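Chains as they are written, first to last, in UniProt numbering: chain A, 1 to 382; chain B, 1 to 382; chain C, 1 to 382; chain D, 1 to 382.
Please keep in mind that the hints were generated in silico from the structure rather than gathered at the bench. Mixed in with the good hints, there may be bad ones.
Only pairs whose alpha carbons sit at most 25 angstroms apart, straight line, appear in this in silico DSS-like list of lysine-lysine [stated by the list, open to error]:
| # | chain 1 | residue 1 | chain 2 | residue 2 |
| --- | --- | --- | --- | --- |
| 1 | A | K216 | A | K113 |
| 2 | B | K3 | A | K276 |
| 3 | C | K121 | C | K347 |
| 4 | A | K371 | A | K113 |
| 5 | A | K276 | B | K216 |
| 6 | C | K113 | C | K347 |
| 7 | C | K377 | D | K371 |
| 8 | D | K371 | C | K234 |
| 9 | C | K113 | C | K216 |
| 10 | C | K216 | D | K276 |
| 11 | B | K3 | D | K276 |
Computed from a prediction, not measured in an experiment: that's the story for all the values here.
Number of protein chains: 4
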Amino acid sequence: MEKLRIGLIGTGYMGKAHNIAFKACPAVFPLLASIECEMLAEVNQTLAEQKVKELGFNRATGDWRTLVNDHNIDVVDICSPNYLHKEMALAAIAAGKHVYSEKPLALNAVDAKEMTEAAEKAGIKTLVGFNYVKNPVAQLVKEIIENGEIGNIVHFRGTHNEDYLADPNTPFSWRLKRELAGSGTLGDMGSHIINMAQYLVGDINEVMADLQTVIKERLLLSNSQTENNNQYAKVENDDQAHMMVRFSNGAIGTLESSRIACGRKMGLTYEITGTKGAIVFDQERLSELQLFTNTDPSNRQGFRTILVGPEHPDYAAFCVASGHGLGYNDQKIVEVRDLVEGICADKPMWPDFRAAYEVNKVLDAAELSYKEGRWIKLSEIE
Amino acid sequence: MEKLRIGLIGTGYMGKAHNIAFKACPAVFPLLASIECEMLAEVNQTLAEQKVKELGFNRATGDWRTLVNDHNIDVVDICSPNYLHKEMALAAIAAGKHVYSEKPLALNAVDAKEMTEAAEKAGIKTLVGFNYVKNPVAQLVKEIIENGEIGNIVHFRGTHNEDYLADPNTPFSWRLKRELAGSGTLGDMGSHIINMAQYLVGDINEVMADLQTVIKERLLLSNSQTENNNQYAKVENDDQAHMMVRFSNGAIGTLESSRIACGRKMGLTYEITGTKGAIVFDQERLSELQLFTNTDPSNRQGFRTILVGPEHPDYAAFCVASGHGLGYNDQKIVEVRDLVEGICADKPMWPDFRAAYEVNKVLDAAELSYKEGRWIKLSEIE
Amino acid sequence: MEKLRIGLIGTGYMGKAHNIAFKACPAVFPLLASIECEMLAEVNQTLAEQKVKELGFNRATGDWRTLVNDHNIDVVDICSPNYLHKEMALAAIAAGKHVYSEKPLALNAVDAKEMTEAAEKAGIKTLVGFNYVKNPVAQLVKEIIENGEIGNIVHFRGTHNEDYLADPNTPFSWRLKRELAGSGTLGDMGSHIINMAQYLVGDINEVMADLQTVIKERLLLSNSQTENNNQYAKVENDDQAHMMVRFSNGAIGTLESSRIACGRKMGLTYEITGTKGAIVFDQERLSELQLFTNTDPSNRQGFRTILVGPEHPDYAAFCVASGHGLGYNDQKIVEVRDLVEGICADKPMWPDFRAAYEVNKVLDAAELSYKEGRWIKLSEIE
Amino acid sequence: MEKLRIGLIGTGYMGKAHNIAFKACPAVFPLLASIECEMLAEVNQTLAEQKVKELGFNRATGDWRTLVNDHNIDVVDICSPNYLHKEMALAAIAAGKHVYSEKPLALNAVDAKEMTEAAEKAGIKTLVGFNYVKNPVAQLVKEIIENGEIGNIVHFRGTHNEDYLADPNTPFSWRLKRELAGSGTLGDMGSHIINMAQYLVGDINEVMADLQTVIKERLLLSNSQTENNNQYAKVENDDQAHMMVRFSNGAIGTLESSRIACGRKMGLTYEITGTKGAIVFDQERLSELQLFTNTDPSNRQGFRTILVGPEHPDYAAFCVASGHGLGYNDQKIVEVRDLVEGICADKPMWPDFRAAYEVNKVLDAAELSYKEGRWIKLSEIE
């Protein structure tokens with residue numbers, strides 16, 4: 001394969017981020033194929049044509065099904081709102097296209113399972129955009145853990161908090177409507193920290209959750225996507241979510257998410273405690289980690305700040321000098337590298353649909369736990 | 001009253017800290033009475049006499065009941081292991097002495113209630129050594145909240161993690177035995193963050209907890225206080241504890257404690273989120289807080305680091321210049337100031353036995369929740 | 001102009017960084033012209049052809065003069081070692097090409113002046129790669145200063161310290177030889193902090209400097225670019241440089257640079273003090289700044305951490321959400337945007353050759369000051 | 001000696017701090033003698049008597065000469081304004097009393113030398129209150145350096161910046177008058193960072209300085225100590241001072257002080273670079289240091305935050321648990337411990353008058369350098 005031809009559905013926030021990565025990735029990493037930005041789909045032809053020009057794609061369509069079935073598309077890249085992921089992915093799978101989808105994969109675990117099984121049966125490649133695990137620092141954390149440098153993991157505390165809905169005057173949007181978004185901050189940002197916990201610690205077995213909608217209704221703008229004509233619409237999902245979890249390897253932990261966490265802009269954080277050390281990370285300082293190991297002399301121990309550099313995973317391709325710093329979009333560049341390598345070399349990709357289905361199972365378990373006020377075993381969720 | 005005469009029981013870690021505060025407090029704060037270090041009690045007369053000299057007290061006794069009943073003692077200061085608090089406090093109350101006790105107040109809520117009711121009935125003054133709420137920064141946080149500067153509280157995430165038992169070779173001690181210590185890290189350090197949450201946010205209504213003993217047995221030293229002759233003793237309480245809580249004002253939160261948290265030395269931390277701002281605090285940097293308020297212009301918002309200074313509560317007595325920094329023992333000096341003022345001016349003191357009883361109720365609720373796998377209302381606990 | 005055709009000389013560290021920016025820039029910013037990576041030059045044809053494939057350029061040459069004189073090149077991009085900048089730039093100017101050059105512009109102020117005057121006479125556009133001023137955070141700092149938010153500047157303390165030569169076993173290279181590199185860390189990294197000081201505070205009038213070569217000789221590798229056959233070569237320029245400066249607006253300051261500063265990886269830092277506030281920045285955390293303003297209530301003052309976001313200069317093009325973080329290469333993307341806009345809209349670009357010449361004057365003044373042990377006025381330097 | 005009898009002159013800011021230390025020190029450290037707060041002197045008898053009560057001393061005098069000559073005083077403790085240090089110290093020395101003096105020792109090096117020689121001739125003990133070197137963290141830094149853990153020192157960058165005079169409306173005071181205070185921020189706070197540099201790195205050989213008075217006049221309050229009747233008085237010494245220094249061991253460095261540094265409350269900071277590592281310290285976080293050593297594996301290197309604990313110098317006496325934090329006054333407690341031990345065990349104390357004289361020499365060199373625009377060798381200063 002010389003070219004990997006991309007069909008992008010949706011050109012909003014994430015569509016633009018994907019496009020930056022498609023364009024920059026070949027200049028950063030040596031790749032097995034070139035990336036051809038072949039076609040994009042938007043909600044109508046006019047917008048699609050405008051975006052083709054802006055984003056530097058070859059062709060435009062106002063109908064995503066046209067894109068999915070186009071013979072010159074190798075990968076369908078789904079950057080649409082959550083509720084559309086399932087239909088688009090199943091259509092792409094049916095058309096034999098590899099699928100690169102934004103997260104969360106589906107509105108619930110049942111749908112995610114259906115998508116996963118369809119993809120596996122069709123033998124196509126899938127990758128889901130949990131981009132924070134692509135950060136070279138996250139990869140370094142995994143390397144440290146796998147080397148046993150902090151011993152056996154006994155605790156994980158993770159958050160993904162932001163404040164983009166902290167202002168009660170921020171109007172209603174599709175993200176607040178259950179049938180369009182599924183759960184609230186739980187699925188939106190919580191899914192990232194769940195995925196990170198699974199990446200770094202392993203399977204989650206049991207969940208006990210608490211959810212809360214703090215701002216119970218929001219102003220409905222006239223151009224809202226809903227049919228409701230009232231001035232205010234009811235917020236149908238959670239603003240704050242936290243859960244206690246038990247991992248299959250015996251570790252326990254807490255996971256927390258909020259979309260009303262004043263002051264937090266990119267509050268994906270974690271502290272991982274092992275029997276021999278600990279790691280602390282904050283995505284707002286995404287190019288560094290704090291590492292404590294009790295193998296240092298006892299009077300010289302402390303958390304050390306490691307700045308990511310060329311001796312760490314995937315950094316050298318960006319810059320040969322240490323500590324120069326990577327950004328949000330660079331994570332997507334690594335993700336796109338994984339996409340191209342995974343498809344061209346027929347290598348496993350992670351997180352694929354199955355891994356994303358595991359996230360959806362935790363989300364469903366959390367909602368069920370909240371409803372029933374008890375621990376939910378993941379095995380109770382389909 | 002010209003002199004407040006102290007009777008100190010126990011001269012270990014906390015006994016020494018109390019003594020530093022007794023000696024320094026009059027040089028820091030103007031007080032309504034002088035502090036007389038009148039008598040101390042230790043486990044035997046020899047040790048007591050040695051300690052009288054070391055600590056600068058007037059008299060020594062090897063029998064704490066002698067101290068409690070001495071006519072020249074105004075305040076009984078209990079710095080003994082947890083399981084002795086109840087008996088000593090009840091004796092002191094019976095003798096009409098004011099009581100200054102280390103925390104947690106009792107091994108369980110039933111005992112704490114008995115102690116509280118006895119004290120209240122006797123009309124004596126009580127103060128419990130949850131010293132972290134005496135930090136001028138904690139007082140400043142309370143002032144900020146009460147002023148409404150961060151709006152209504154919606155979330156509290158607190159930890160009190162240390163690593164003093166992270167090493168599996170650290171031997172067995174009384175703290176690991178249920179009948180001597182009660183719960184493990186939950187009561188030892190968890191009680192501090194529970195007390196802090198109650199101080200800053202208000203009453204806790206419901207608790208859902210998870211507990212875990214990671215290091216299941218430890219070497220029994222020959223001079224151990226237990227009668228067990230085996231080489232290893234079973235650890236009888238929790239190494240790691242976390243809980244989800246619901247406050248009576250509608251806020252939710254998570255509280256966490258660990259005594260095996262590698263790298264954490266004084267890991268009492270909290271993040272308080274309100275509808276208009278947020279506060280972040282870390283006791284390892286005890287003289288500063290992070291404050292975010294959304295009343296700053298939107299493109300100039302950020303967490304600001306406020307260094308405690310003379311414009312904040314209780315700092316000016318220590319130093320007239322800002323940012324010079326207070327230490328752990330300074331918190332005890334504030335606590336002793338409260339003790340002297342509370343008794344001499346007959347003012348309320350906080351946290352008194354009743355406030356400490358509220359902590360014990362949360363501890364019991366957490367243990368019951370863990371056992372039964374469900375939310376426990378505080379009203380279910382006596 | 002529809003296309004801006006780039007001719008890149010040099011494909012090492014900086015050449016790669018420029019290429020990433022050329023490829024990503026159009027996906028980040030809407031541009032007045034597309035960027036065509038037309039031709040690259042390397043030291044021989046074989047390497048050039050290999051690099052053309054790697055970097056995604058159209059044509060290759062082993063002779064940079066061919067590139068400079070090619071009719072299909074609009075911009076000559078100079079990423080070669082310092083000593084070649086002058087000859088290449090003068091040739092490009094003579095051929096009527098716009099010039100985008102890495103820093104420092106020249107080995108000394110005399111050369112820089114000649115290059116500047118040639119460019120201005122020819123009416124071509126120039127831009128020099130002092131990329132740290134392109135960081136949206138640096139632009140925000142400038143905005144804050146220009147708004148008067150910190151009052152009049154009274155002090156600037158800047159550093160650019162790294163440790164890439166801290167290990168005495170790191171071998172000799174062209175950077176350590178005066179005729180190839182000019183001064184040492186002074187010109188290499190010191191030029192960045194000088195440029196930053198001029199950008200943020202204004203002209204420097206007087207300089208007093210101290211320089212030191214700590215590691216006086218280094219192992220000469222057999223493939224070294226020098227003709228010397230001895231095993232060790234003498235280091236001919238400074239490892240550590242610091243200077244006191246006086247700005248034309250009355251502020252004073254210190255500037256420091258080191259290439260042997262153990263632990264510093266990207267130690268470009270500054271603290272700017274004004275009559276009403278202060279700003280602190282550290283390039284190792286390139287997406288945030290610390291701002292103190294004395295207009296906050298006196299008991300709520302503190303340095304606040306502002307995370308760069310869409311309300312700040314140039315960030316929104318990268319990401320619509322705050323605090324997601326930019327990286328080193330993103331600065332070059334902004335720089336390339338300035339290049340394209342400057343040329344296509346015939347707008348001024350900064351730092352152009354004249355601004356870079358001002359940096360070279362400070363470098364020369366520092367060396368003269370060290371030699372003569374006295375303050376040097378910039379007016380003493382040609 | 002069973003008792004060390006203190007005579008305190010001056011009960012302002014520093015007098016109170018000394019008193020806290022006198023009272024707390026015996027409860028923190030086992031001492032060779034008890035400390036008797038015997039007599040204090042204030043500007044008149046009324047104030048002295050009020051202060052005796054407040055501070056818990058035995059006797060009062062309105063005439064410091066009475067105190068100096070009292071037979072029941074062992075140590076004269078000088079906490080008066082700078083210009084009085086010399087007269088008081090010489091009188092105390094003449095009376096055969098040990099002297100504990102606040103810093104800077106004298107208004108100039110000539111006076112400091114006279115005081116030093118008088119003390120040495122009389123064989124009395126002296127200690128000067130450069131308390132920041134008593135911080136256990138500073139002692140730990142010295143230990144790390146002396147162990148060779150960061151190799152040979154090549155660079156020291158130190159600051160002592162505060163903002164207590166940043167507001168131009170802050171009125172005139174004796175600190176701004178040359179005959180009462182000597183130099184400005186240079187001697188006031190700069191003396192601390194000079195002393196710290198000498199403590200940690202060694203002798204300073206050469207100095208090149210720049211000084212600046214930014215706020216040239218200030219409002220004269222009616223109760224001002226000067227005789228001037230104008231509304232505004234001219235500020236006679238420096239607001240900002242910085243210098244480049246060369247140490248006798250070959251290291252170079254920069255030292256900086258400001259009393260108008262907006263946002264800095266206790267900005268004594270330093271970064272020490274060695275051939276094998278580096279140390280960073282900030283007095284605003286006085287209980288921690290950052291240590292980088294290049295003996296860590298290259299892909300695990302980073303500055304580690306060491307929290308001071310019982311394995312480090314002098315901490316265990318304050319608290320047996322790590323990371324609980326020391327405060328400003330605790331440094332004075334260590335200083336007083338040194339005073340008592342030095343006198344009672346006839347051990348050397350540091351910094352004594354001779355060490356403080358070395359600070360005064362650097363201060364004079366800095367002023368001369370500024371005046372003459374050239375490097376000044378310390379040997380040029382008497």
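Hint numbers the structure violates, sorted upward?
-> Numbers 1, 2, 8, 9 and 11 - these are the hints that the structure violates, sorted from lowest upward.
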